[in-house]
Every structure is written in structure tokens, then in C-alpha cells.
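Since chain B is already given, all that's left is putting chain R on it; use the hints.
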Amino acid sequence: MSEGRGMRRPFGIETQPPEVSWDARVWSDLGTPPSDDHHRGGGDGGPERRDRLPIPNAQLGLWIFLGTVTMLFAGFTSAYLVRQAGPDWQPLPRPPILWVNTSALLASSVLLEIGRRRPLALRRWVLGATLLGVLFLFGQLLAWRALRAQGIYLPTNPHSSFFYILTGVHGAHVVGGVIALLSVLALAWRDGSGERVLRRLALCAVYWHFVGGLWLYLLVVLFVA
Amino acid sequence: MAIEPSVHAHEEPRSFWRRYIFSTDHKVIGIQYFLTAMGMALVGGILAMLIRLQLGWPEAKWPLLAKLFPRGMSGGVMNPDFYLALITMHGTLMIFFVISLGLVSGFGNYLLPLQIGARDMAFPFLNMLSYWTVVPACAIMLASFFVEGGAAASGWTAYPPLSAVEQAVPGSGLGQTLWILGMALFIASFTMGGLNFVTTILNERTRGMSMMRLPLFIWTLLIASILGLLAFPPLTAAAILLLFDRHGGTSFFLPSGLYFGERVLPHSGGSPLLWQHLFWFLGHPEVYVLILPALGVALDLLPPFTRKPIFGYRLTVYSLFAIGVLSMIVWGHHMFVSGMNPYVGEFFAIGTLAITIPSAIIGFNLIASLWGARLQLRTPALFALGSIAFFGTGGLGGIFLGNATSDIQLHDTYFVVGHFHFMIGGVTLLALFGGTYYWFPKMFGRMMNERLGKIHFWLTFVAFYAVFLTQHFLGLGGMPRRYYAFSKFEFLAPIRDLNAFVSVAAFVLGVAQLIFLVNFFWSLFRGARAEENPWRATTLEWVAPTPPPHGNWGETLSEVHRWPYDYSVPGAPEDFTPQTVPPSVVEVTR
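The listed protein sequences correspond, in order, to chains B and R. Using my numbering, you'd call the opening residue of the first sequence number 1 and step up by one each time. Using my numbering, you'd call the opening residue of the second sequence number 1 and step up by one each time.
For reference, chain B alone in the conformation it holds in the complex (with noise of 0.2 Å):
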């Protein structure tokens, strides 16, 4: 209603800084994060805004959240710990095919991070992270599988109740992961490797590199310590 309306002000001052508009972060919160205006110089409140800290909000989001994933696994870890001193924890044979499934998250990780530095070749490399990822996913139920052949179920003892579950809630985080992976890919297939597409890659590969470093804490849990 006030369109175009300089701000009143008590003490009938009229403040005159430069010209802003806002760009809309309505439709997607992640297309345009701030740190545009940010290094354009221009834009809402622009260079002058010199309150806030020197990263993007989409970064600084991601970063948060992925705080409460470390609390997450944080809980899950403390109660894992506790419940390992009681009396009738019986240690879970390994399924050896995790080997061949944590070699191909980490391989994953690596054909991501050579994606980001070849802008050129980046939806090839890119996908064949994502494939990794799936491919992950996909020995993870096999390693359910081979357990339940060997009569392992959730109920059986604790520590293959923790098994299920850390993995099922860690393969949750990677089935995240592969969606924002494949969102990606769809955007780099419809518009290239524009900056847009790598500011989006950027804030995966936090996620997934995340995620992987997650699991490999995870096997130290169930299997080293």
C-alpha cells in the first residue's frame, strides 16, 4: 500500500540511502541466496551491510543443519554406548560387503569434487557420483540381507538393532543426499554449468562429503570401538 512512499520517520527525518530493492527468495530459499547481492554490490542493503557474517545464508543454513545431524547421531552414539555395557550385548559379525559400499561413498566424494573442478565435464562426473551414491545405498541392503540370512534380525540383540538402525537413518541421509544430487544434475542438463549450478553443487558436496564422513564414523562405532 505504500508503494513508492519514502518512510516517515519520527522527528520528521527523511533518511535518503541509496536505492535497494529485494530480490525474492520466495520461490526457492536455495536459488538465490544473498551472497549475491553480496558481491554484486548492489541489492538489499548490499556492500554497505556490513553486519553479518562473510558466509551465504544457503552455506550458513546447510551448516546448522547439519549441526542437528551431528546431535542426531550424537544421541544416537550416547545411547549406543550406554546400552553396550549392559549384560547382553552380543557383537555382530561385520557383513563383509560394507568394505565394498564405504569404497564407493568415499570413490563417490572424489568423482564429486573432480565434477566441481571441471565445469565442463560436470554433469558426467556428477552422475557418476550419484550412481556411486545409489549403488551405496543398494549394499547397504544387501549387507541386511546377508545378515538376515544368517537368522541376525532388528530384535536379535542390541548391537544388531543398533546396526539396523544407524544404517537405516544414515541411508535416510543418503537417500537425501541422492535427491539433491539428482536436482542438481536436472538443473545442469536444463541450463549447463552456470554459476548457478556450482553455487548448488558447492552446498551438495558439503552435504555428501557430510554424510560420508558420518558413515565412516559410524563403522568405527558399530565395528572398532
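Calculated from the structure, these hints are not laboratory results. Among the clues, some could well be false.
[Stated by the list, open to error] Take a look, some chain R residues computed to stay more than 12 Å from chain B by CB distance:
1. 117
2. 139
3. 199
4. 225
5. 232
6. 235
7. 245
8. 252
9. 392
10. 463
11. 476
12. 508
13. 529
14. 570
[Said to hold, decoys possible] Ranges of calculated distance between the beta carbons of each label pair, as one might list FRET restraints:
15. R:167 with B:90: 25 to 33 Å
16. B:91 with R:263: 26 to 34 Å
17. B:85 with R:57: 42 to 50 Å
18. B:99 with R:480: 53 to 61 Å
19. B:84 with R:458: 30 to 38 Å
20. B:124 with R:12: 30 to 38 Å
21. B:87 with R:147: 43 to 51 Å
22. B:81 with R:143: 35 to 43 Å
23. B:146 with R:341: 39 to 47 Å
24. R:482 with B:65: 35 to 43 Å
25. R:488 with B:85: 22 to 30 Å
26. B:209 with R:143: 25 to 33 Å
27. R:408 with B:202: 40 to 48 Å
[What the hints assert, rightly or not] These stretches of chain R come out as covered by chain B in the derived footprint (C-beta under 8 Å, 3 or more residues):
28. 200-212
29. 263-277
30. 418-424
Ideal Cβ placement from N, Cα and C applies to all residues, glycine included.
Below, chain R alone, put in the same frame as chain B:
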């Protein structure tokens, strides 16, 4: 590419659905949260009234209620399972779906961008998603009353085995599953909201709005959001494990040797205490998630009505940080009676006593802000003062409960109920009301009725003390928590009348809230038109038009030149100097 700043964003979405229902505007979302919380408060309040009806007159028959609740009150007498469901859902709804939604998400969403001079939250779409995740959560919680066996009955703390064994009590069946599902959605929503809050506060401040120029309410939101983000995920982990105990046959929280009917349950080796630890690792920070923003509202409501700056801004900020850190390591004081190692208990007791120091500093700053004030006792000011009184009273009881030695005596009595309600029921509720009276003119462009507001305050304030201070003494007299009726205990015969008194006071408290509802909706349509800055306050939201348009700030963003509490600055033309006034007009001190 989306690098071009879009011009359309300035325009409000035109369709009704995009404007009022699936809106990404933080103000609409804030009001949506607020109204949702109000609806849930109505339900939670009715549950409280039913609880008091039972505790005040345990043997009485209520034929009318038998018609309303054919299962829970069959024959007009409340059955014990229904009572358990009532206290469980009263706690759950009030804590998570009223105070969290109204105070943190409601006021938070509405005020955050306005007070820091932003156009919206950092992630508007995520913000909408967070609201529309909590709506099904509310629906699921409410629906759980109507399923087979009724709502969850294991307390808002959901202790196993009641919560983990489906056949334990009727509410342990589908009701408990729905409870877990509702909480999962709530946590998902809160995580989205908290993430948005932190990012917005850190990254969306306008020019000149340094961290040390933030209104204290924003500081409390920041600390509360961080606490929530750190504390909720471990509860999520625990809830996942609980679900598998219930439906997957695992034994995380269930020990061996549990019998139900003639049958031994197959579980073995689990530990119910493990749940308690994981729960309270959330549960304790959660109370700070609620009370810190309440204190923030009280801190921000004082200056406009004392016409002087808040006392000890920096120290308050540091104290908030100290509370934030300490609150993560004191959860064990909820478990002193669980048979923990006395040395561990000592650790938690010392931590708890340590947290009273920053809390007392904030309390002192609140009181010191009144020193030399030209106090204007408008309704928001009354509520702010009331919440300080509750904070003091509740805090005093907290000292006894934080110490293992005295807590072991008091833990399972009404002393805890009284203390808890002063802090999480009282301080937060008064802040919620005070904030509503204060920001209503900005939200809706009309003033709330002052006379009704004052009646609402005094009835609430006096009745609240009558209910919950009395409960402290009931607790000292040995009245245990969680009991369905006290008529069977000889030693509790002397306090029976006192219980009836508490119930009557509780009904007064309940009826007083109807005055608020009437005032709210009457003022919405018939209230006096509000000026842009009716309280002559300094913070940024009062510089925006009333009610603020989509995008908040017209063509240009405000620039901030000073801290938010420049009241009665010597030499200034007015006794309040808004944050946007440049140094050329009034000298900047901080």
C-alpha cells in the same frame, strides 16, 4: 539466471491462498503460529480445568461431563486412564504447542525481521514449510484423544515402560504412537524454524544493526534457537529407538522380566533410565528455549513504560550465553531420585546452582531497570512486571529443587508442579500476554482494550499465585505428584480443603483467560485505531508502517545508528530516540 533482483517480489501475492494461507511472509506466518497456539491453549486449558475438577472433588459425579466424554468420564466419574491422558496432553500441548508456538515461533517470526530491519526471514519458503509441518502435528495430537484407548498417558516426558509397552495402559497403544509422530513433526518444524532464526539473525541485519544493538528479545531468540537445535536431535534419536521398542521388538529402554497379564514380555537388558537421560538432555534446555524469549519480552517491554534504558545490556547478553552453555549440562537434576551415583548428583547440583547466577543477574537487571523509572502502568507493563514477580518466586523454589539433598524430599510432590508452573507456565504466559497487548497495535493496527486488559492481568496474577504458590505448600505437606485421587490417603486428609481451594482458584484463572479472548477478538474489529508508534518506543518495528506491508520497509531499508534503548537521552527532542535517528540529531552513545 536469478541474479537479477526481481521486481515482482515487492508485490504482495494477490490470491487469497498465497496471501493468507500458504504465505511466505513472516508476518502472516507469525500470526498463523500465534493463532494456532491460541487454539491449542484453549484445549490445554480445558484439560487443566478437568484435572483440577478431579483433584478438587475426587469422588464427585458430573453427569453433564459424562455426556461430553462418554469413555473418560463414564457414569460421570473420571476414570484413572483418562486422568493420565489429561495430564500428559496438558503438558505436551502447553509446552510444545502453546508456549513454543506462540512465544518462540509466533512472536519470533513476526518480530524478528521487523526488529532487525530485514524484509523477511532468510528462508521464507522454509518458514512456510515449518508452519505447515506443525499444523498436522497439532491435528495428530488432538486426534489422539479420539482413537482406541485415548491419548498418550505416559506423561509429557513419555517415560518407558508406560510409553514403550503397548499394552501398559490404554493410552500406551495408538495414542502413544500418535504422540511420537506428532512430536516428530513438531521437532522437524522447530528445526526448520530455528535454523531460519539463527541464519536470519546472523545474516539479515540491516545496516548499522550490530549484534550489540539487537533488542534483547532477539538475543534471547538466538540463544533459544541454538539451544533447541542442539537439544532436540538427541530426543529425536531417543524417539526413534522408542518406536522400535514399541513396534520392532528391540530392547533399548525395556528391561527383562516385565509382565503384562499372564505374559512375560520378550524384552531384556534395556534401561528405562537411558530414556530419561536422553529425554532430559532435551528437556532441560527446552525450558530455557521457552523462558529465555519470555524474559526477552519482559526486558523489551520495560523501557517503553519506564522511559529509561534497560539496565545492564551487556551483562544480560553474557548471562544469556552462560545460561545457554550451562543449561546443556544440568539435565541430571531432573533425575536425582533415579538412584544416580551421589557424586554424579553433586555434579548436576553444582551445575544447577551455577546456572542460578546468570539467571539472578538477568533478574537483577530487570529489577534494576525499574530504578528511578517514570513507571506508566499500562497493560503490557503490568504483564512485564508480573512475569518478573513470577520469575523471582519460581526461581526461589528452584534453589531448593536444584540441590539434590532437598530435591529428593520434594521431587515427587506438588512443590515441583508449583515451581514448574511459575517458570514455564507463569513467566512465559505473562510474557505471551504482555507481548500480545504490546504488539497488537503493530500487528492489526488497533489497540486492545485497556480496562479489560487490566482486569485480565489482575485476575490472572492473583489466581496464579493462589493456585501455584499454594501448590508449593501442598508439596511441602507431602502431596505427591501424578496421583489420580488423594481420598484414599489418611495423611492427606488435612489438605483436602486446600485442594478444593486450588481448584476454585484454577477456575478463576481459566475464566480470566476468556476475558483475554473477548478482548482480542473485539479489539481486532472494534478496537481504537492505533498510531504508528503508540507506545513511543525506539525499536525498529515501530518505524515500519502499521500494519507493516509485504516486504516491511517500502523502497528503502532503515539504517540503524544506535542501540535500542535510547530513552530519556539528555538533550534529545523527545524522551525516546528511535534506532534510526542519525547522530547529527541526537548524540550516539552506543
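A quick look at each hint next to the structure:
1. Here residue 117 of chain R does not stay apart from chain B, with its beta-carbon only about 9 Å from theirs, under the 12 Å limit.
2. A cut-off of 12 Å between C-beta atoms confirms that residue 139 of chain R is not in contact with chain B; the least separation is 24 Å.
3. Residue 199 of chain R, annotated as away from the interface, has a beta carbon of chain B within 12 Å; the closest lies near 5 Å.
4. Not every beta carbon of chain B lies more than 12 Å from that of residue 225 of chain R, the smallest distance being close to 9 Å; the non-interface claim is violated.
5. Residue placement check: residue 232 of chain R does not keep its beta carbon more than 12 Å from all beta carbons of chain B (closest about 7 Å).
6. Not every beta carbon of chain B lies more than 12 Å from that of residue 235 of chain R, the smallest distance being close to 7 Å; the non-interface claim is violated.
7. Not every beta carbon of chain B lies more than 12 Å from that of residue 245 of chain R, the smallest distance being close to 9 Å; the non-interface claim is violated.
8. Not every C-beta of chain B lies more than 12 Å from that of residue 252 of chain R, the closest at about 6 Å, which undercuts listing it as non-interface.
9. For residue 392 of chain R, the requirement that its beta carbon stay farther than 12 Å from each beta carbon of chain B is met, with the minimum near 33 Å.
10. The Cβ of residue 463 of chain R lies farther than 12 Å from every Cβ of chain B, with a closest approach of about 39 Å, so its non-interface assignment holds.
11. Residue 476 of chain R, annotated as away from the interface, keeps every beta carbon of chain B farther than 12 Å; the closest lies near 35 Å.
12. A cut-off of 12 Å between C-beta atoms confirms that residue 508 of chain R is not in contact with chain B; the least separation is 42 Å.
13. Annotated as non-interface, residue 529 of chain R keeps its C-beta farther than 12 Å from every C-beta of chain B; the closest such distance is 15 Å.
14. Interface exclusion of residue 570 of chain R from chain B stands, the closest Cβ pair being 16 Å apart, more than 12 Å.
15. Look at residue 167 of chain R against residue 90 of chain B: about 28 Å separates their beta carbons, and that is inside 25 to 33 Å.
16. Between residue 91 of chain B and residue 263 of chain R the Cβ separation comes to about 30 Å, which falls inside the hinted range of 26 to 34 Å.
17. Evaluation of the 42 to 50 Å hint for residue 85 of chain B and residue 57 of chain R yields a pass: the beta carbon distance comes to about 48 Å.
18. At about 56 Å, the CB distance of residue 99 of chain B to residue 480 of chain R agrees with the hint of 53 to 61 Å.
19. Distance hint check: the CB atoms of residue 84 of chain B and residue 458 of chain R are about 57 Å apart, inconsistent with the given range 30 to 38 Å.
20. For the hinted restraint 30 to 38 Å between residue 124 of chain B and residue 12 of chain R, the CB-CB distance of approximately 44 Å leaves it violated.
21. Taking the beta carbon of each, residue 87 of chain B and residue 147 of chain R are about 37 Å apart, not inside 43 to 51 Å as hinted.
22. Separated by about 37 Å at the C-beta atoms, residue 81 of chain B and residue 143 of chain R satisfy the suggested range of 35 to 43 Å.
23. The hint said 39 to 47 Å for the Cβ distance between residue 146 of chain B and residue 341 of chain R, and at roughly 41 Å that hint holds.
24. For residue 482 of chain R and residue 65 of chain B, the hinted distance range of 35 to 43 Å is satisfied, since their beta carbons lie about 37 Å from each other.
25. In this structure, residue 488 of chain R and residue 85 of chain B break the distance hint of 22 to 30 Å, their C-beta atoms being roughly 41 Å apart.
26. About 41 Å separates the C-beta atoms of residue 209 of chain B and residue 143 of chain R, a value inconsistent with the hinted range of 25 to 33 Å.
27. For the pair residue 408 of chain R and residue 202 of chain B, the beta carbons lie near 54 Å from each other, so the given range of 40 to 48 Å is not met.
28. Coverage of the segment 200-212 of chain R by chain B holds [criterion: at least 3 residues with CB-CB distance below 8 Å; count 10].
29. Counting residues of the segment 263-277 of chain R whose CB lies closer than 8 Å to any CB of chain B gives 7, so the stated coverage by that chain holds, three being the minimum.
30. Only residues whose beta carbon comes within less than 8 Å of a beta carbon in chain B count, and the segment 418-424 of chain R has 0; fewer than three means the coverage is violated.
Of the numbered hints given earlier, the model fails hints 1, 3, 4, 5, 6, 7, 8, 19, 20, 21, 25, 26, 27, 30; all others are met.
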